[in-house]
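All chains, please: the whole structure from these sequences, using the hints.
These protein sequences, in sequence, are chains A and B.
For the first sequence, the numbering used here assigns the number 1 to the initial residue and increments by one for each residue that follows.
For the second sequence, the numbering used here assigns the number 1 to the initial residue and increments by one for each residue that follows.
Everything labelled a hint here was simulated from the structure, so no lab data went into it.
Please note that a few of the clues may not be correct.
In this list, chains with the same sequence are indistinguishable; a pair is considered to hold if it fits within one copy or across any two.
Straight-line C-alpha distance at most 30 Å; calculated BS3-like pairs for lysine-lysine [stated by the list, open to error]:
| hint | residue 1 | residue 2 |
| --- | --- | --- |
| 1 | LYS73 | LYS112 |
| 2 | LYS108 | LYS63 |
| 3 | LYS164 | LYS108 |
| 4 | LYS5 | LYS164 |
| 5 | LYS63 | LYS178 |
| 6 | LYS5 | LYS108 |
| 7 | LYS73 | LYS164 |
| 8 | LYS164 | LYS63 |
These numbers come from a predicted model, not from an experiment.
Residue-level listing of the chains:
Protein chains: 2
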Amino acid sequence: MVDEKSLDAIFRQARTHNGFSGPVSDAQLREVYELMKWGPTTMNTQPMRIVFVRSQEAKDRLKPALSPGNLDKTMAAPVTAIIAYDLRFWEYLPRTFPNRPQAIDGFKGDDKLAANECTAFRNGSLQGAYFIIAARALGLDCGPMSGFDNARVDAAFFPDGRWKSNFLCNLGRGDPAKVFPRNPRLSFEEACWIA
Amino acid sequence: MVDEKSLDAIFRQARTHNGFSGPVSDAQLREVYELMKWGPTTMNTQPMRIVFVRSQEAKDRLKPALSPGNLDKTMAAPVTAIIAYDLRFWEYLPRTFPNRPQAIDGFKGDDKLAANECTAFRNGSLQGAYFIIAARALGLDCGPMSGFDNARVDAAFFPDGRWKSNFLCNLGRGDPAKVFPRNPRLSFEEACWIA
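Right under this line is the structure:
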């Protein structure tokens, strides 16, 4: 069981941030990955990939893909994670799912492309959420965003088409003064049904 | 910051379980939702929906959709959550995203169906991961599964087509003796790139 203070840190008091300061070290980024990697995925497929955009060159490449509302805060953030997924995630299966060596055969072939993309998107998104929770748990504030042009990010960062962008997440120390008022959540009765 | 014991409970020591005992109360299910609901989603869209399969009638409806490897453990679990998403999630936006009342217009119309399904799948999956982490944090063990026939679950539980199944998650007190050996994770260098 996790104590109340920790539940606050990862869920109840954690907020989506809009203003960030640094520094964020490479060691911190690695620490977040080394924690979030333990989250479960279908057949341990782990399709999520991340580009940590930190250099001015990489920021300049990202910039044209951002929607106006996300532009300034992202350019000013110490790091922006491009949460992506690998369409050929299954190539790692002989090592990552050794208990069923023939599993890889279920992913090979052009007739599997649509199912593979579904698996990559589902599990890459699960892992994206693990990433947000892990970052918060380790003291980094997050600013996840869907407001950008995925095709432009893909053309700029993944020209060979193997990785696809999913969402973006600014990282750093959040400025509480720039957080928006918290919006309401659906009730249990609206979202859930006990059958 | 979250202490080491809590990081173990939600990530490092948490495992996907295959044998479960109860009881799991309605109050516990509600508690998990009331925690995970705070996780962030695009424009606070919150598309995830959950059917908690608990009654024999509901188990019988779920049963024909399960793959052989997931059948017995799921029929024996105290509760199985069908993690789903609502394709018309955006109808709640005037209440859940009140700061931009015109936001709902961006989701209306047949030409928005594909983009809406993408938003529902991405964010419904993020919320599915929040659900797993929240359940673990509150002392429930999880057995998430993709091995089932989504179309059959949808026909059995969501015949009007508004909700779509995403993945399943058994819930209860896990039996450590039935946990499989832990499979390896990708290294930071394989999954991440600092640009």
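Going down the list of hints, with the structure as the test:
Proximity of LYS73 and LYS112 under a CA criterion of 30 Å is satisfied inter-copy only: 28 Å between copies versus 39 Å inside one chain copy. Taking the shortest alpha-carbon separations for LYS108 and LYS63, only the inter-copy value of 29 Å comes in at or below 30 Å, while the best intra-copy value is 36 Å. In this homomeric assembly, LYS164 and LYS108 come within 30 Å of each other (Cα to Cα) both inside a single copy, at 19 Å, and across copies, at 26 Å. With identical chains, the CA atoms of LYS5 and LYS164 are never at most 30 Å apart, being 36 Å at best within one copy and 35 Å at best between copies.
When the C-alpha separation of LYS63 and LYS178 is checked against a cutoff of 30 Å, the pair qualifies only within one copy, where the shortest distance is 21 Å, while the shortest distance between copies is 49 Å. Taking identical chains as interchangeable, the C-alpha atoms of LYS5 and LYS108 are never at most 30 Å apart, the minima being 46 Å within one chain and 40 Å between chains. For the identical chains of this complex, LYS73 and LYS164 are intra-copy neighbours only, at 23 Å inside a copy versus 35 Å across copies, given an alpha-carbon limit of 30 Å. Proximity of LYS164 and LYS63 under a CA criterion of 30 Å is satisfied intra-copy only: 17 Å inside one chain copy versus 35 Å between copies.
Checked against the numbered hints listed earlier, the structure breaks hints 4, 6; every other hint is satisfied.
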